[in-house]
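Our numbering numbers the first residue of the sequence shown as 138 and each following residue consecutively.
Everything labelled a hint here was simulated from the structure, so no lab data went into it.
We put the beta carbon where it would ideally sit given N, CA and C, even for glycine.
Do not rely on the hints blindly, as some may be mistaken.
Said to hold, decoys possible - Label pairs and their calculated CB-CB ranges:
hint	residue 1	residue 2	range
1	ARG322	ASP394	24 to 34 Å
2	ARG405	ALA188	38 to 48 Å
3	GLY172	GLY213	14 to 24 Å
4	ASN306	ALA188	19 to 29 Å
5	ARG161	ALA387	36 to 46 Å
6	ASP394	GLY254	14 to 24 Å
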Amino acid sequence: MGTSVGLLHPGAMGAAVGGLLADRFRVSWVSAGRGPASRRRAEEAGLTEVADLAALARCDVLVSVCPPSAALDVAGSVAATGFAGTYLDANAISPRHAEEIAGILPRATVVDGGIVGPPPRTAGTTRLYLSGPAAAVADLFDGTVLRVVVLDGPVGRASALKLAFASYNKLTYALAAQAHALAERHGVGVELRELAADVLPDTPFGAPGGITSAGRRAWRWEGEMAEIAAACAETGLAPDLVVAAQAVFARWRDHRDDDSVDLAALLRTLAGPPS
């Protein structure tokens, strides 16, 4: 129990990752500015509350799991404390932003991470890709259900892999939702669902129940699409497909973490009022 870990922050993914570590290490979190849902997740994960970021920065390792749009600001706040330990950025950010975070924290050992899969609760579902000085954190997850994959190369490589995967995986939900919304608007929604289930059964298009889960998380995916679009543009790739998916997810902002929303409501939100 010699290593101390600080978590920024206990969202659904962060709390699950922190909970894995809390079985072996003291894992702390900062409650200031966080809501009751964060507190509930932190308590369920066995995390230890500390007063402020300065206290959290006394930990040996900080793990950042936050919305992509907040990753740079979180790193900047940590840098202001003078943190000189190991900093794992496990957010869905572009390779360029991963490199920027390494520059923001010059005294720290910055590890680039990309989480692929759902919050890790069972083996075989979730992977954590690492690049840069990955040895600084890889061993922390030994014996947990989270599969760690260390990539050769510098900070930014793990983020690139994460975004490349998400650019395909999450765009399929946007495309499927758009297709079903179009069919519903023209009165052939049932027919499209039957056709898609028959021809493409194991996809978000053929099994649109997955769209409901995506709609509740779209507030986070919208920011991820912005990171992917920027990465595409920086690489010389056309960002248009990703920008279009970002626009789809933006229409679902008001359904953030809404467990009561159903597929019909999400499709109505996409289509907007009849013209």
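Are any of the numbered hints broken by this structure? If so, which, sorted upward?
4
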